[in-house]
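Q: Now for the letters of each chain:
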Amino acid sequence: MKKVLKPREREQLLGTTYAFPMGIWFTLFFTIPLSIIVLYSFLKRGLYGGVEWEFTLDAYRQMFNPSFAKVVIRTLWISIVATLGSILIAIPCGYAMAKSKYQTILLFLIIIPFWTNSLIRIYAWISILSTEGFINTLLIKMGILTEGVQLIYNNGAVVLVLIYMYLPFAILPLFTTIDKFDFALLDAARDLGATKLEAIVKVMFPNIKSGLSTAFIFTFIPIFGAYTVPLLVGGKDSTMIGNIIVDQVSKTRNWPLASAFSMVLTLISLVGVFWMLYNGKREQQQTKKTTQQSLELNIRRHHLRKVNSK
Amino acid sequence: MIKHQYNKKSKISFSSAMLYLTIIFLFVPLFVVVLFSFNDSKGMQWSHASLFWYKKLIFESPSLWSAFKNSLIIAFTSSITATFLGTLAAIGIKWYRFKGRNYITTISYLPMVLPEVIIGISMLIFFSAVRVRLGMFTIFAAHTTFNLPFVFMMVSARLDEFDYSTVEAARDLGANESQTLRKVIIPTIIPGVLSGFLMCITMSLEDFVITFFVSGPGSGTLPLYVYSMIRYGVSPVINALTFVMILGTMVIAFTFRRFLKTVAASS
Amino acid sequence: MKGVEIAVEQVSRAYGTFKALDDVSVTIHKGEFFSLLGPSGCGKTTLLRIIAGFDYPDTGTVEFDGKDILPLPPDKRQSNTVFQTYALFPHLTVYENVAFPLRLRRVEKEELDRKVREYIRLVQLEEHIDKKPSMLSGGQKQRVAIARALINEPSVLLLDEPLSALDAKLRQNLLIELDVIHDKVGITFIYVTHDQSEALSVSDRIAVMNKGKILQIGTPYEIYEAPATRFVAQFIGESNIFPCKVLACEPYGKEYMLTVDVPSLGGEVTVTDYDPSEIGAEVDFTVRPEKVRITPNPPKTTHTYMNSYKGVVDEPVYSGFQSKFYIRLDNEAKPIIKVFKQHTAFLDEGPEIEWRDTVYVSWTAADGYIVKETDR
Ligand SMILES: Nc1ncnc2c1ncn2[C@@H]1O[C@H](COP(=O)(O)OP(=O)(O)OP(=O)(O)O)[C@@H](O)[C@H]1O
Ligand SMILES: [Mg+2]
Chain A
1 MKKVLKPRER
11 EQLLGTTYAF
21 PMGIWFTLFF
31 TIPLSIIVLY
41 SFLKRGLYGG
51 VEWEFTLDAY
61 RQMFNPSFAK
71 VVIRTLWISI
81 VATLGSILIA
91 IPCGYAMAKS
101 KYQTILLFLI
111 IIPFWTNSLI
121 RIYAWISILS
131 TEGFINTLLI
141 KMGILTEGVQ
151 LIYNNGAVVL
161 VLIYMYLPFA
171 ILPLFTTIDK
181 FDFALLDAAR
191 DLGATKLEAI
201 VKVMFPNIKS
211 GLSTAFIFTF
221 IPIFGAYTVP
231 LLVGGKDSTM
241 IGNIIVDQVS
251 KTRNWPLASA
261 FSMVLTLISL
271 VGVFWMLYNG
281 KREQQQTKKT
291 TQQSLELNIR
301 RHHLRKVNSK
Chain B
1 MIKHQYNKKS
11 KISFSSAMLY
21 LTIIFLFVPL
31 FVVVLFSFND
41 SKGMQWSHAS
51 LFWYKKLIFE
61 SPSLWSAFKN
71 SLIIAFTSSI
81 TATFLGTLAA
91 IGIKWYRFKG
101 RNYITTISYL
111 PMVLPEVIIG
121 ISMLIFFSAV
131 RVRLGMFTIF
141 AAHTTFNLPF
151 VFMMVSARLD
161 EFDYSTVEAA
171 RDLGANESQT
181 LRKVIIPTII
191 PGVLSGFLMC
201 ITMSLEDFVI
211 TFFVSGPGSG
221 TLPLYVYSMI
231 RYGVSPVINA
241 LTFVMILGTM
251 VIAFTFRRFL
261 KTVAASS
Chain C
1 MKGVEIAVEQ
11 VSRAYGTFKA
21 LDDVSVTIHK
31 GEFFSLLGPS
41 GCGKTTLLRI
51 IAGFDYPDTG
61 TVEFDGKDIL
71 PLPPDKRQSN
81 TVFQTYALFP
91 HLTVYENVAF
101 PLRLRRVEKE
111 ELDRKVREYI
121 RLVQLEEHID
131 KKPSMLSGGQ
141 KQRVAIARAL
151 INEPSVLLLD
161 EPLSALDAKL
171 RQNLLIELDV
181 IHDKVGITFI
191 YVTHDQSEAL
201 SVSDRIAVMN
211 KGKILQIGTP
221 YEIYEAPATR
231 FVAQFIGESN
241 IFPCKVLACE
251 PYGKEYMLTV
261 DVPSLGGEVT
271 VTDYDPSEIG
281 AEVDFTVRPE
291 KVRITPNPPK
301 TTHTYMNSYK
311 GVVDEPVYSG
321 FQSKFYIRLD
331 NEAKPIIKVF
341 KQHTAFLDEG
351 PEIEWRDTVY
361 VSWTAADGYI
371 VKETDR
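If you're matching them up, the sequences are chains A, B and C in order.
First residue of the first sequence: 1, per my numbering; consecutive thereafter.
First residue of the second sequence: 1, per my numbering; consecutive thereafter.
First residue of the third sequence: 1, per my numbering; consecutive thereafter.
Possibly wrong hints are sitting among the right ones.
[As the list claims (entries may be wrong)] According to the in silico footprint, chain A covers these stretches of chain B (three or more CB under 8 Å from chain A): (1) 32-42; (2) 92-98; (3) 111-122; (4) 139-152; (5) 155-167; (6) 217-227; (7) 239-250.
[Stated by the list, open to error] Cross-link-like lysine-lysine pairs, in silico, DSS-like; alpha carbons within 27 Å at most: (8) Lys184/C x Lys115/C; (9) Lys180/A x Lys132/C; (10) Lys281/A x Lys94/B.
These are computed hints drawn from the structure, not numbers from a lab.
Model, not experiment: these values are computed from the prediction.
Each residue gets a CB set at the ideal place from its N, CA and C atoms; glycine is no exception.
The task is simple: from the sequences and hints, build the whole structure.
A: This is the structure we're talking about:
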């Protein structure tokens with residue numbers, strides 16, 4: 001007779017059957033590789049690449065070498081500028097898309113460049129900005145310039161192209177949350193005496209916080225770990241952490257150092273992600289409390305303050 | 001003279017102006033490249049329109065086409081694997097309590113949020129540590145790994161809207177485990193599965209960074225080929241290629257236009 | 001009679017340390033319309049799911065016609081379920097939803113079509129045959145669920161609060177339809193509800209549950225007129241319940257006449273009961289509000305076993321066809337007693353009774369009853 005399983009045993013069995021193939025896959029190709037990186041970051045570098053099995057904090061010490069520290073700082077400011085730029089552009093875009101009747105077409109228009117090969121997009125910028133590129137050729141032809149100007153291979157170009165590359169990452173989550181936002185709340189705020197901008201800042205922003213933090217994280221993390229953009233449109237002084245890691249692996253063959261830098265990237269990304277999840281959770285809880293009421297209160301209070309200060 | 005009050009309200013608001021400017025910003029670089037793909041001569045000096053570079057692309061770029069073939073093979077194999085594994089796992093995680101559930105849930109989101117460089121480097125180091133020769137297989141493994149979270153997430157989102165009692169109803173009405181899967185679960189979650197699959201294909205076709213680390217001799221994909229073209233001597237063939245790729249993207253996006261919102265919500 | 005006899009023996013089911021079902025035993029007869037009645041969270045759904053095969057008891061057995069069915073998965077059991085949320089397949093039309101079980105069994109095409117149409121006619125959904133579930137109203141969805149559950153010709157139909165999502169009027173109509181369907185198909189129905197009026201109006205027998213236990217099993221009449229425990233008395237209908245002590249117990253025709261001491265009513269009360277009680281036993285005295293008569297003057301009849309008290313109207317509650325009065329009795333304990341008074345236009349017994357009026361409440365010994373298991 002076939003053995004009959006109790007539902008709880010069956011649940012265990014079924015859950016395992018369904019989920020374990022993916023679990024094993026991730027363990028093999030994600031958890032183990034990542035653990036190896038953690039491990040390697042504490043080992044001594046091998047002479048010809050690889051590692052020697054000896055515990056040391058050398059790799060972490062090397063990170064404070066001024067030339068690396070400079071790169072880390074540069075990475076930070078480039079990422080912050082590019083991320084904030086993307087989000088500032090993305091907020092009105094997401095808003096306009098959510099209000100638009102042609103959402104599908106607009107989505108289409110945002111997604112097409114986003115899905116086009118990233119190298120092709122970088123290449124497009126190279127052919128526009130380079131000394132013999134589109135802009136220079138055009139300006140020379142119009143007689144404004146006599147000789148091509150170097151518009152590329154500097155930090156400005158890196159920031160511009162990064163924004164170009166990751167803008168959709170900011171627009172899409174913002175669009176999704178703003179689309180769910182109840183626009184009647186804006187009318188309510190206007191009704192209670194807020195100006196249009198006040199209504200947006202005081203009523204809409206608190207309600208789309210999760211979208212904002214998702215947009216921030218989804219733009220910041222890939223920009224922070226960018227590799228191709230600084231490599232292809234950046235100059236000598238545009239290297240970012242991603243480039244160091246790759247150089248340490250493929251040129252200098254200092255695997256422990258590459259691993260240590262990877263750890264830094266990973267940790268920063270994880271902190272960002274948990275911050276985002278935390279924000280999302282908190283917002284969910286807040287919306288359960290009657291947002292409408294607290295909003296009205298806020299606006300009223302704000303309004304009163306304005307009246308009083310007059 | 002008295003001006004009409006309602007005239008002061010401009011037709012185009014600030015936000016839609018921004019949106020249109022952004023769309024122009026997104027398309028202008030591509031448009032320039034496409035424009036010059038029809039240029040007869042090399043460089044940014046316009047001579048006259050011709051299909052010269054397209055001819056070159058189609059008939060005189062065998063290595064490009066073999067890279068493209070590799071890309072297609074990788075895209076389809078890894079997307080199918082990822083869709084299969086991810087869908088099953090999403091079902092299992094959503095409906096059953098079992099040991100290891102939390103681990104799998106957490107681990108399945110991480111590859112999506114870590115920078116690509118990290119995934120690439122860690123796989124490269126892993127493959128060399130276990131002495132696996134870099135090649136088509138390693139690319140396939142890497143692509144499946146970064147594709148899996150997207151399938152998992154999209155199918156999970158779909159399952160969240162799913163009423164589990166329909167599964168019990170199917171069982172109650174006489175369907176066994178596999179009939180329930182085929183006749184009730186799959187048909188209901190198929191939009192999520194399809195949009196996940198679609199995401200996989202596009203991401204796999206376009207990935208450069210991760211592929212760059214785990215590819216070996218003879219296993220170059222199209223993005224790798226494009227990279228070498230950009231790095232070591234640009235030929236306007238790449239302009240022609242750009243247009244073809246944009247067209248391809250549009251066709252894919254258009255075929256799946258119904259799922260665009262799902263894609264937007266999860267990217 | 002079609003259907004099966006279902007024997008649930010000493011079934012327990014715990015979630016962690018919480019006992020959702022605690023030693024539940026019940027036998028449901030062939031073809032019976034059996035209701036499980038109890039407050040939210042008392043374990044009704046859990047019991048139903050165990051019978052259907054979606055859950056499994058920690059201990060105990062479930063038998064259909066003497067055969068142990070616990071080893072069988074849901075698809076191998078002779079029962080079908082109408083779910084609380086209907087659980088219609090969203091991707092299939094009404095027709096395909098109903099046809100689903102037959103398609104699984106690969107029923108031949110013409111036979112399938114004939115049966116599907118027959119069952120759709122049974123639940124009167126002919127006009128909606130090609131609609132998707134999302135286009136149906138709540139009542140229509142529920143009828144699709146019933147047709148789909150019946151088409152396999154199960155021996156038992158399990159219904160988990162199938163009417164809870166509907167409004168009062170529709171609920172009444174569908175309840176009657178359900179009863180009609182039960183009479184037509186003649187199989188065993190197990191009907192889960194927390195609505196006592198639903199259970200009382202259609203069931204052959206009812207099991208009243210609380211906190212994972214079955215407190216009483218009986219016909220609607222027995223449950224209402226002779227509640228076994230204080231909880232049942234309170235849960236079914238409304239009751240005035242007072243703790244008391246048995247002073248005397250004598251045979252009285254087929255029943256027994258008891259004299260009990262009710263401290264909160266300020267002394268002795270006479271009451272009849274079906275069973276004898278021990279002298280000195282601590283029990284509960286109960287009288288239903290609709291059995292209590294309310295009059296502005298002392299009651300005229302001088303029945304030997306009449307209990308009568310003076311009091312003041314504490315609060316009148318008007319509710320259309322009747323009024324409910326909370327009367328504060330005129331003694332030391334100042335107990336409140338609930339009284340229903342029907343508004344019968346022609347047989348009016350004197351002037352309107354209003355707030356703060358002094359009134360008399362009275363009932364005979366036969367109107368009250370004793371609840372022995374006080375579950376205190
Ligand atoms: N999977 C579970 N895990 C933990 N506790 C559970 C689970 N299922 C049910 N319970 C608990 O068991 C008790 C009985 O639940 P059940 O669903 O049987 O109640 P019910 O009588 O059907 O209530 P309702 O009328 O609200 O549907 C509840 O207190 C519930 O919280
Ligand atoms: Mg229930």
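Q: Determine for every hint whether it applies to the structure shown.
A: A quick look at each hint next to the structure:
no.	hint	verdict
1	32-42	holds (count 3)
2	92-98	holds (count 6)
3	111-122	holds (count 10)
4	139-152	holds (count 6)
5	155-167	violated (count 0)
6	217-227	holds (count 4)
7	239-250	holds (count 7)
8	Lys184/C x Lys115/C	holds, 15 Å
9	Lys180/A x Lys132/C	holds, 26 Å
10	Lys281/A x Lys94/B	holds, 19 Å
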